[in-house]
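Q: Letter by letter, the chains look like this.
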Amino acid sequence: MATVRPMTDAEREMRDDLDWALNAPEVQQNKGQFVAICNRHVYAVGHDPQALRADAAAQAECPIWRVVLVSVQADELLEASD
Amino acid sequence: MPVAPLTWAIHHVTVAGVTFPIARLATTLSLPDPASPSGWRTERAWYDSGAPLTVFPHYVHAVGIVWRPLGATTAWLGQACDLGEIDVWLPAPDLTSLAGPYRILAKFARSDPPSPPPVIIGAQLQLALAATLFIPPPPTDGELRIP
Numbered sequence: 000m001a002t003v004r005p006m007t008d009a010e011r012e013m014r015d016d017l018d019w020a021l022n023a024p025e026v027q028q029n030k031g032q033f034v035a036i037c038n039r040h041v042y043a044v045g046h047d048p049q050a051l052r053a054d055a056a057a058q059a060e061c062p063i064w065r066v067v068l069v070s071v072q073a074d075e076l077l078e079a080s081d
Numbered sequence: 000m001p002v003a004p005l006t007w008a009i010h011h012v013t014v015a016g017v018t019f020p021i022a023r024l025a026t027t028l029s030l031p032d033p034a035s036p037s038g039w040r041t042e043r044a045w046y047d048s049g050a051p052l053t054v055f056p057h058y059v060h061a062v063g064i065v066w067r068p069l070g071a072t073t074a075w076l077g078q079a080c081d082l083g084e085i086d087v088w089l090p091a092p093d094l095t096s097l098a099g100p101y102r103i104l105a106k107f108a109r110s111d112p113p114s115p116p117p118v119i120i121g122a123q124l125q126l127a128l129a130a131t132l133f134i135p136p137p138p139t140d141g142e143l144r145i146p
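In order, the protein sequences belong to chains A and B. According to numbering that gives the first Met the number 0, the residues represented by the first sequence are 0 to 81, in order. According to numbering that gives the first Met the number 0, the residues represented by the second sequence are 0 to 146, in order.
Please keep in mind that the hints were generated in silico from the structure rather than gathered at the bench. These figures come from a predicted structure and were not determined experimentally. Watch out, some of these pointers could steer you wrong.
Output of the computed footprint for chain B on chain A, the stretches with three or more beta carbons under 8 Å from beta carbons of chain B [claimed, not checked]:
hint, region
1, 9-15
2, 34-42
3, 46-54
Which residues of chain B face chain A? A partial, calculated answer using Cβ under 8 Å [claimed, not checked]:
hint, residue
4, L76
5, G99
6, I145
The C-beta atom is built at its ideal place from N, Cα and C for all residues, glycine as well.
Model the full assembly from the supplied sequences, consistent with the hints where possible.
A: Written out as structure tokens, the structure reads:
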């Protein structure tokens with residue numbers, strides 16, 4: 000049986016970052032790369048997710064679990080599944 | 000009845016001088032993450048009715064999300080995957096609460112293709128939750144209605 004619970008502050012903040020990233024030019028301009036975000040700010044861009052998370056956490060002075068990683072599609076016309 | 004919103008994410012692309020809109024149906028999932036003080040993290044997901052199972056790209060689950068392997072392997076976009084199950088929470092329309100936990104089957108990629116997508120929600124989630132998929136045209140959000 001499913002229950003309903005409030006979002007935690009962290010869940011909400013991460014969701015806000017993800018929603019912002021959908022249309023933020025500073026995120027979407029990085030085609031084919033990962034973008035590490037915290038509090039609607041881009042901290043790192045590149046191809047190594049683990050390194051980007053660590054780099055962003057250090058720069059943003061936030062815990063690594065709080066970093067949101069967005070993969071910007073290189074080709075938006077490709078199907079995402081087989 | 001819990002209802003998870005599916006938001007139209009529409010971008011315009013230009014190919015050979017022709018500009019047209021393309022769309023994804025986007026939502027977020029709350030996933031079990033022991034590294035987070037609350038025990039949860041939020042990740043972007045696209046709904047894909049053509050995908051039989053939900054797919055967690057490697058870069059998503061490698062942070063330490065809790066899932067249970069079922070001892071079988073499969074593939075996604077040429078990447079070897081483990082078949083497993085995971086408990087997820089889905090957003091409620093008020094955008095301040097979540098419904099769950101819902102146990103789903105999923106592929107957990109051992110590596111990623113170039114430019115991997117976010118989590119892909121496959122049709123098995125709809126089966127497991129006995130959910131109704133409601134997709135009106137934009138700008139109205141779609142919904143997964145869960146009994």
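Q: Confirm or reject each hint.
A: So, going through the hints one by one against the coordinates:
1. A count of 5 residues in the region 9-15 of chain A with a Cβ less than 8 Å from any Cβ of chain B is obtained; the coverage claim is therefore met, three being the minimum.
2. Against chain B, the region 34-42 of chain A contributes 0 residues with a C-beta closer than 8 Å to a partner C-beta. That does not satisfy the three-residue criterion, and the hint is violated.
3. Counting residues of the region 46-54 of chain A whose CB falls under 8 Å from any CB of chain B gives 3; the rule of at least 3 is met.
4. Nearest Cβ of chain A to the Cβ of L76 (chain B): about 6 Å, under the 8 Å cut. The hint holds.
5. For G99 (chain B), the shortest C-beta to C-beta distance to chain A is roughly 6 Å, which falls under 8 Å, so the interface hint holds.
6. A cut of 8 Å between beta carbons decides the hint on I145 (chain B): the least distance to chain A is about 7 Å, and the hint holds.
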